[in-house]
Each structure stands twice: as structure tokens, then as C-alpha cells.
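Residue numbers (this note's numbering), protein chains in the order written: chain A, 1 to 263; chain B, 1 to 300; chain C, 1 to 410.
Worth flagging that the hints you see were computed from the coordinates, not collected in a lab.
Just so you know, not all the hints are guaranteed correct.
To be verified - Under the rule of at most 25 Å between Cα atoms (straight-line distance), these lysine to any residue pairs were calculated in the SDA-like manner:
1. LYS88/B / SER180/B
2. LYS56/A / ASP27/A
3. LYS294/B / THR58/A
4. LYS294/C / GLU197/A
5. LYS64/C / ARG99/B
6. LYS88/B / PHE19/C
7. LYS146/A / LYS127/A
8. LYS287/B / LYS296/C
9. LYS296/C / GLY163/A
10. LYS92/B / ALA175/B
11. LYS254/A / GLU244/A
12. LYS174/B / HIS96/B
13. LYS88/B / GLY220/B
14. LYS56/A / SER289/B
15. LYS220/A / ASN191/A
16. LYS158/A / LEU268/C
17. LYS146/A / GLN203/A
18. LYS158/A / GLN389/C
19. LYS92/B / ALA375/C
20. LYS116/A / ASP283/C
21. LYS67/A / LYS254/A
22. LYS158/A / VAL179/A
23. LYS146/A / PRO243/A
24. LYS34/C / ASP134/B
25. LYS127/A / ALA375/C
26. LYS294/B / GLY17/A
Stated by the list, open to error - Chain B is faced by these chain C residues, among others (derived, beta-carbon under 10 Å):
27. VAL26
28. ARG39
29. ILE108
30. HIS111
31. ARG194
32. ILE202
33. LEU205
34. LEU213
35. PHE322
36. LEU337
37. CYS382
38. MET383
Here a beta-carbon is modelled for each residue, glycine too, at the ideal position from N, C-alpha and C.
So you can see what is in the structure, the chains are spelled out below.
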Amino acid sequence: MHQPILQVAGLTMDFGGIRALNNLDLDVSEGEIVALIGPNGAGKTTFFNCVTGIYKPTKGSIDLFHKKKNRQISLLGMKPNQVTEQGLARTFQNIRLFSQMTVLENVMIGRHCRTKAFILGALLRDKKTMQEEDEIIQTSHEILTKIGLQRYENEIAKNLPYGAQRRLEIARALATEPVLLLLDEPAAGMNPQETIELVNLIQEIASEGQSILLIEHDMKLVMSLSERIFVMDYGKKIAQGTPEEIRNNPAVIKAYLGEEVDA
Amino acid sequence: MDYFIELLFSGLSRGAIYALIALGYTMVYGIIGLINFAHGEIYMIGAFTSFIIATILTILGFPALAIIVLAGLAAVIWSASYGYTIEKIAYKPLRHAPRLSALISAIGMSMFLQNYVLLAQTSDFLPFPQLIPDFAFMEPIAHIVGSSDMVILVVTTVVMICLTILIKYTRIGKAMRATSQDRTMAMLVGINVNRIISVTFIIGSSLAAIGGMLVASHIGQINFYIGFIAGIKAFTAAVLGGIGSIPGAVLGSVVLGLTESFATGYISSDYEDVFAFSLLVLILIFKPSGILGKVDTQKV
Amino acid sequence: MFTLQEIKRSLLVSIWFVFLTFPLMVIRVDSIEKTVQWRWMNMVYVAIGSFLLSFVFRYMLQRKEMKSDDNGDDDKKDKTGRSFIHQGLADPRYRNIILGSLLAVALIFPHVFSTYQTSIMTTALMYVVLGLGLNIVVGLAGLLDLGYVAFYAVGAYTYALLYHFFGLGFWVALPIGGLLAAAFGILLGIPVLRLRGDYLAIVTLGFGEIIRLVMENWGEFSQGPSGVSNIPRPSFLGIDMSLDTALIYTYYLMLLFVIFTIFFVNRLQDSRLGRAWIALREDEIACQAMGIDKMKTKLVAFSLGAFWAGIVGVIFAAKTTFISPRSFTFIESAIILSIVVLGGMGSIIGVIIGAFILILLPEYLRALSEYRMLAFGAILVCMMVFRPQGIIGSIRRTYTYKKQTDGEVS
Ligand SMILES: Nc1ncnc2c1ncn2[C@@H]1O[C@H](COP(=O)(O)OP(=O)(O)OP(=O)(O)O)[C@@H](O)[C@H]1O
Ligand SMILES: [Mg+2]
Chain A
1 MHQPILQVAG LTMDFGGIRA LNNLDLDVSE GEIVALIGPN GAGKTTFFNC VTGIYKPTKG
61 SIDLFHKKKN RQISLLGMKP NQVTEQGLAR TFQNIRLFSQ MTVLENVMIG RHCRTKAFIL
121 GALLRDKKTM QEEDEIIQTS HEILTKIGLQ RYENEIAKNL PYGAQRRLEI ARALATEPVL
181 LLLDEPAAGM NPQETIELVN LIQEIASEGQ SILLIEHDMK LVMSLSERIF VMDYGKKIAQ
241 GTPEEIRNNP AVIKAYLGEE VDA
Chain B
1 MDYFIELLFS GLSRGAIYAL IALGYTMVYG IIGLINFAHG EIYMIGAFTS FIIATILTIL
61 GFPALAIIVL AGLAAVIWSA SYGYTIEKIA YKPLRHAPRL SALISAIGMS MFLQNYVLLA
121 QTSDFLPFPQ LIPDFAFMEP IAHIVGSSDM VILVVTTVVM ICLTILIKYT RIGKAMRATS
181 QDRTMAMLVG INVNRIISVT FIIGSSLAAI GGMLVASHIG QINFYIGFIA GIKAFTAAVL
241 GGIGSIPGAV LGSVVLGLTE SFATGYISSD YEDVFAFSLL VLILIFKPSG ILGKVDTQKV
Chain C
1 MFTLQEIKRS LLVSIWFVFL TFPLMVIRVD SIEKTVQWRW MNMVYVAIGS FLLSFVFRYM
61 LQRKEMKSDD NGDDDKKDKT GRSFIHQGLA DPRYRNIILG SLLAVALIFP HVFSTYQTSI
121 MTTALMYVVL GLGLNIVVGL AGLLDLGYVA FYAVGAYTYA LLYHFFGLGF WVALPIGGLL
181 AAAFGILLGI PVLRLRGDYL AIVTLGFGEI IRLVMENWGE FSQGPSGVSN IPRPSFLGID
241 MSLDTALIYT YYLMLLFVIF TIFFVNRLQD SRLGRAWIAL REDEIACQAM GIDKMKTKLV
301 AFSLGAFWAG IVGVIFAAKT TFISPRSFTF IESAIILSIV VLGGMGSIIG VIIGAFILIL
361 LPEYLRALSE YRMLAFGAIL VCMMVFRPQG IIGSIRRTYT YKKQTDGEVS
């Protein structure tokens, strides 16, 4: 049941002289919500970038366990699109939507790696291509309905309110049918009402068995959502455990000194 | 051996001219991240302006030295004014637009200026008066090193030294460096970024104007199209050295000038431009950061 | 609008421009005859022209800023009041009427107008296709290709040289020209498409110039600067045609090809591949993170664009029966880019209108044709500054669903 799906060991990332990640170990099991926290500049986003193939880590291993294929796949050295194909999907800390495309089209892009039509398909519009196209539209529509964005479907993405843009990033990532969903500060910049809705949404997604790894600064959100927490500071892991353990961990309190830890 | 030295000096003076133009590319790129495609045209306008003024002064019977100085001054003043105006019209409104929009605008500006000069002046090649006399003291070595090669080298060296002092030690130079590192931060600490950008365009254009005058007098003819090829080559030099880096631009220019000179001298002159373009393509593909440039990683 | 201050500002601008343009516009010297010509009238024109244009410039800039301020943008407006043309084409009834009548006009055109007009129209149609081809690369995929003309040259020289050396005919050369151009696109694309946008632009420009210079200097192969002449016109089942008939035939051929291109590009745009191109244009990193293979997607766009250019190149060689390196300068690439930018990047109707304006207008307004390149430059600048989306901005497609999912609405 609690099969680890992502296993990262000894991950190290150097930028010139700066060691942004230092020998980091982390794992996520199936169906879990895991949080990765740490002060600003701790290296959380860099961790995501390494795992998703955007940066090439200096050292370490990243393995994804594929249940369907029942085998371990090393993600090291893969291009970002290959990583996504293997089953990791992410959102970005600074929203990166396709701003001139409609909301629905943004989600449809997420279906790209699960579909096949190409030049000839586009030209001939044969039955198979049209079926696939229908499937793309239908699935995307369903995902948007689930995320609660169906009323914006044909709006241009950049005209959406901020909170809705963040949710759209999640919808887009879900469309790739990820084994593990990576969320980089999904609540950043949201108002309290939007944050509550987001918590509900994440819980709903998780209840369907989706494994999630999330970065977040909002402690209340982290404590209420996650089953396990990893804490980073200066590129190193300084603690891991359940929310309860983390709350009382002296190293964590020290790292966050001056920041609100208690929920 | 004489032939070698001849090629060496012609390569160096070629490189010096490229450097004068390449600096404008590199400085503008360093500050606003734009390939100022119209920069070659500024150089061409400098050559035309100095041509017009020099001819008038010759007719009026001015002494040679006065002609050089006044024509050069006029070229600098007008090229700088064009550079300043172009920035205000074609680039400033696009400061927050996608990078490619500004580049397209720059290409448009380049076409516009070329054809503006074509229509206002002529499409023919104009014979450019020889402004730089053959010095008597150069006589013994004149068959190897021409006087104008020498003048080009000396003038360029002086200009480079002035530029270095300006950028290293003056207030405006410091502000320019700050702006090129981080425009937002520079603005926050009270630097008038718009002014710095204008100053950059003015300096770059002035250098190009000097280059324009020198090269026109050296080669002896100009037309509206000279800016295009010279611009591309200077850009090649800037990229070769590492675009954004001022010493890089000079280094790249000298390397390009020398290689061109030796390649045409020892191999064949038919493919002179093919050679420069191929070099450009190869550097961009294999080492886009150039010799002295920094590799830029995109933060996500 | 016309406050005293505004007038003062325009006056200053006007004085500045008089100063700026003084040496080039007013003086003309002859260094051999030692004469100077003063053209003071030009100064007056510049003064008046810049005075008026400065109002227009500021007004347009203000309008653009206001638009982006209230988040109005044109996209939003499109929801309620789309542009006239889009509205017309959205409704299938109007669309059929519009397209039908356009087609009818196109079909009878050569029978109503002279061969000369038909020939000009054929040229315009060629630029429509070139524009649509470049539109795939620049408009959809966001790759600024400044050496597009190189692929056009590859197509043209393919036919010219295949005929010259092997006596191959038009119909054989047509696909070979297209495929060879596409192959060049792939060959060039593999190393250069990794580059950042502005470097890509310069590299493609360099490549375009290299192709032209090689054609100019490699005399044994391409006959050098004098070019290849006596290229046969398109043949039809081996029938001998008079010059007029051949021109009309070429026109219809081109028309057919335009229709096919529009049909294809339209379908591409709304396909999985087309969406990937647009996403790539919007944000490369996000695009990759969504599982799109960046290189492959770019390469397909690049080589498809090249393919079209190659085909039009073959037709061009057949139409003019003579080609030389001078037909393939950077200017040509810039013209095609102007068509795409003026019409609206990514918009099919826009590109078609852009091609007709930019190719036909200077043909018919002969007085203006001298100013053609000047105007093209100005168009590129003005479009970028005031209306980056072009005259007809592209609109995103909206979708409707077969199965209504009412039940799930919370
Ligand atoms: N491309 C890069 N080049 C150089 N340094 C980088 C790069 N990306 C990240 N860094 C550095 O790595 C460190 C970690 O940055 P990162 O963005 O991962 O932090 P973070 O934990 O996500 O912070 P935040 O909570 O503010 O998002 C920082 O010091 C940052 O400057
Ligand atoms: Mg971060």
C-alpha cells in the first residue's frame, strides 16, 4: 500500500559557487500529501527544478516508481517533457500560464503528452484524430469542472483573477495524468477565502488517490494538509516527520526564528 | 614577411573599425538586452554626414586638419542625435514588450533609415574625399602600413581609453554599469534609467560615427547600404567577444579583423562575407556566450 | 487634445527633426564637380510633417496605454464585439457567402483583367503563401526567422538547376523543391533552434545571406551573379501554351495552391500540433513542463515553413523563367516578415490582407513605389509600437461540448 513512488537520494545542485541543494534525501509514498518547507532561498524551488529536469543536478539520484509498469525509472538526465511523460507534473511559483490562450486550451496543452495526432492527422482529420480531439476537449472540460473553473473556459488565461490563475496551473498539471503532482507555493498571493477553497480542492484531489508534494509558506495550510513534512534550510534537510513532530522540532524553530511557526 | 605585416596592420585597422561599431551593440545590449539592428545605419549616417560636411568645407577651402575635425564633429553630433531619437521612437515604447517585438521594431528602423538616406541622397556609390593625408614620416614604410591604417589605430585607441575612463571612473559610467546589472534595482536607488539608456545610445552612436568617417575616408566610397554589412560584422565581433562585455567587443573585433584580413590575403577574397557570416553562425551555435561573456541561466 | 502645451511640444519635436534631418535632407553635394545643392523645401516638409506626426504619435501611444490600463485589451473586446471580419466569418452562413464570392472573383479575374494584372495578382498570391508559411514559424511558433528567403531560394534554384542539368520538368521539381527546402530547414534547425529568440533571428539572417553569397560566387554550379535563365513555365499535360495562356495557367495553379495552404494552415492551427506551437510561443519552460518536446515541435514548424517557401520558390522560378541571387536578398525576407507583422501574427485572414496591401498597393500606386521599402520599415516599427497584434489580430477558438455536464455544476 505505502509504496514509495518518488525516491530522491543525495541530491546536490551547485550554481557556480553556491550550493543550492546539499545532499538532499526525500521520498513520497503513494497517495500521500507531503510538504516541503523552509525559509526563503532554502532551495525548495531548485529542488523542483532538478526533479523535473529543468536543471541538471550536480549529484544524486531521482527515481520514480511506476505502478502501471511496475518498475523503477531513473529521471536523471531526462528532459522536462520526458519527466512529465513519466508522470511528474508541476506548477510554478511565478505563474507561467499560456497567457494568450483560453483557459480550456491551457488545459488541453496538458493532454499533449497523452495524445498522438500529428501533421497528417491535422490535415486529414480522420476518425481517429477526431476521436482523440474530442477526448482532449472532454477530459479538459471535466478537469476544469472539477477545479471549479468551468465558467471561465473560453476566457483568455491572462484575464483571469489571480486565484483562478493559480488553480488553472493545477488543472493544467492534472491534465497530464501525473503519478505525482508537484505544487510550488499554490497559495502564494491568495486571500484567506481563496486559500480555504484551495485547501478543499487539494483535499478533494488527494481523496481520489493523487499523490502530492507541495511547497508552501502558509504554515496553517501545511499543517492541516500534509501527512509528512520535510524541512530545508540552506539547501540541506534539517528535519522530517509528521506535522506534530515538526511543530516541536527545535532545529525547525531555530531556522524559522522570527517567523510564525505555530498554526 | 612584408606581406604578413601588411595583412596584420590591415587586419588591426579593420578590427579597430569593427570595435568602434561593436561597442555600440554591446553597450546597448548590456543595458536593455536589445540587438540594436539599426546601429549599422547610424554608422552609415555618420559616414554620410561627414562626407557632406567635408565636401562643403573643401569647396570653401578649409585646411585639411580643420576639415577632419569639423566633419568628424558633425558626424558625431548627428549620429548621436539619430541614435537618441531612434531609441525614443522605436524602442522606448517597447521596453516592457516581448524581446522579439523590440527586435522587429529595430529591423524596421534599419530598413527605414537605409531607404531614407537612399531617397534623401542617392543610391549610387559616392566618392569619399581622402581626408587623411599620406604623412611624410610614414614614407619609408608606406608600402606596408598606410597612413590611414595608422590614424585609424591611433584614433581608436584614444577613443577606447576615453571610453574606459568614462565607464570606470565617472558617475554616469557607474550608473551605466549599475543599470546593466539590474535595471529595477538601479531605478530603486535613484538612477534615472531613461537618461542612462539615452546616454548609452548617444555614446554608442558617437563611436559608430567616428568609425563611419574613418572607414569611408579609408575605403574612399560610401553608399546607403554600407551599414548593413558593417553592422552584421560588428555584431559578429560583439558576440564573438561575449555580447554585453566591453573588453569582449574590442577583443572580438580584433580577432574578426585579423582573421578576415589573413583569410582574404592568403586564401581568397571571393568569400570574404560568407566567411564572416559563417563565423557568426558557428559562434552562436557553439559558444553563444562568446570569449569573455557570461553564461546566463534562466531562473525559473 | 490641442492644448497650448501639446502644441508647444509638437513644435519642439518639429524643430528637433528639422535639425536632425538637416544635413541629409537639405544638402546634397557633388564632391567631384564641387557643387552644393540646397533643398530648402525639404526642410519645410520635414517641419510640417513632424509637427503633425508628433500629435498622431502621442495620441496613438496614449490610446494604447489607456487600453492596457483598464485591462480592456483587444482580446476582452473580442468577447463582446469582435472585429467586423471575425464576426462575418464566425457565422457559417455569412462565411459561405463571403468565401463564395471571393472565390468567384478570383476565378473570373484573369478573364476580366489583362494578363499584366493577372501576373501581378499571381505575384500577390505567391506572397500570400509565403506569408502564410512564415506565419507558421513566426506567428504560431514564435520563432523569428530572418532568413526565410533562403528556403525560397532553395526551391527556386532546385527547379532551375534540375532543369538546367537534368532537364527535369516543373511537376517533378515542385515536390523536390519543397522537400529539399524542408530538409534544409531541418538541417539548419537542429543546431540553431536551441538558441534564444534574438540569436535565432540573427543566425537565420546569417544563413540566408550565406546561401545567397554562395549562389553568387559558386559560378560553375549556379551560374553566379548572372543567374539562370530560360527556365520553362509550368507545363500542363505537355500541351504547348501561348505566353498569355501560360500566365493564366500559372495564376490558377497559384490560386489552387493558396486555397490548399489556407485549408491546411487553418486545420493545423486548430490541431494538437498548432496548440503546441502557440504554447511554445507563450512560454517555453511551461510548455516543456507540460510534456511537449520543444525541439521536435520547433523543428516541425521550421521545416513546414521552409517547405512552403520551397514550393513557392519553384513556382517563382517557373513564373519569371529567370532567377538570380539578387531575387533572394535579406530585403525579401523583410518584406515577407512585414506582411506577417502587418496582417497580424498568427492570423490567416490578417496575413492574406497584409500580403495584398503590401504587394498590390505599391504596384498600383506607382508614384509610391519608390517609397515602398521606406514604408515597410515604418510599418514594422509602427505595428510593434502601436498594434503588435496586427490589423487583424488572431482570435482563439472557443469550444462547445456534445455532452452537457449540468449535473456536476456545484
Ligand atoms: N538559476 C540559478 N542560478 C543561480 N542561482 C540560483 C538559480 N536558481 C536558484 N538559485 C539560488 O539558489 C538558492 C535557492 O533558491 P530557490 O529559488 O530554490 O529558493 P526557495 O526555497 O524556492 O525560496 P522561496 O521560498 O523564496 O521561493 C537561492 O540562493 C537562489 O539565488
Ligand atoms: Mg521558491
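Consistency of the hints with the structure:
1. LYS88/B / SER180/B: holds, 18 Å
2. LYS56/A / ASP27/A: holds, 19 Å
3. LYS294/B / THR58/A: holds, 20 Å
4. LYS294/C / GLU197/A: Between LYS294/C and GLU197/A the Cα gap is close to 34 Å, so the pair fails against 25 Å, i.e. violated.
5. LYS64/C / ARG99/B: holds, 19 Å
6. LYS88/B / PHE19/C: holds, 16 Å
7. LYS146/A / LYS127/A: Violated, at roughly 28 Å.
8. LYS287/B / LYS296/C: holds, 22 Å
9. LYS296/C / GLY163/A: violated, 33 Å
10. LYS92/B / ALA175/B: OK: LYS92/B and ALA175/B at ~19 Å, within 25 Å.
11. LYS254/A / GLU244/A: holds, 16 Å
12. LYS174/B / HIS96/B: holds, 24 Å
13. LYS88/B / GLY220/B: Cα-Cα ~33 Å, so violated.
14. LYS56/A / SER289/B: holds, 19 Å
15. LYS220/A / ASN191/A: With a Cα-Cα distance of about 13 Å, the restraint between LYS220/A and ASN191/A holds, given a limit of 25 Å.
16. LYS158/A / LEU268/C: The hint holds at about 24 Å.
17. LYS146/A / GLN203/A: holds, 12 Å
18. LYS158/A / GLN389/C: holds, 16 Å
19. LYS92/B / ALA375/C: holds, 21 Å
20. LYS116/A / ASP283/C: Roughly 21 Å between the alpha carbons, so the hint for LYS116/A and ASP283/C holds.
21. LYS67/A / LYS254/A: violated, 39 Å
22. LYS158/A / VAL179/A: violated, 28 Å
23. LYS146/A / PRO243/A: Answer violated: LYS146/A to PRO243/A is near 28 Å, above 25 Å.
24. LYS34/C / ASP134/B: At roughly 22 Å apart (the allowed maximum being 25 Å), ASP134/B and LYS34/C satisfy the hint.
25. LYS127/A / ALA375/C: violated, 48 Å
26. LYS294/B / GLY17/A: holds, 14 Å
27. VAL26: Holds: closest Cβ of chain B sits about 9 Å from VAL26/C, inside 10 Å.
28. ARG39: holds, 9 Å
29. ILE108: This hint is violated: ILE108/C lies away from chain B, its Cβ roughly 37 Å from the closest one there, beyond 10 Å.
30. HIS111: violated, 38 Å
31. ARG194: It holds, given that the least Cβ distance between ARG194/C and chain B is near 8 Å, below 10 Å.
32. ILE202: At 7 Å from the nearest chain B Cβ, ILE202/C passes the 10 Å test, so the hint holds.
33. LEU205: Check passed: Cβ of LEU205/C comes within 8 Å of chain B, closer than 10 Å.
34. LEU213: Hint holds; LEU213/C Cβ to chain B Cβ min 5 Å, cut 10 Å.
35. PHE322: Because about 23 Å separates PHE322/C from the closest Cβ in chain B, which is outside the 10 Å limit, the hint is violated.
36. LEU337: holds, 7 Å
37. CYS382: holds, 8 Å
38. MET383: Constraint on MET383/C satisfied, holds at 8 Å.
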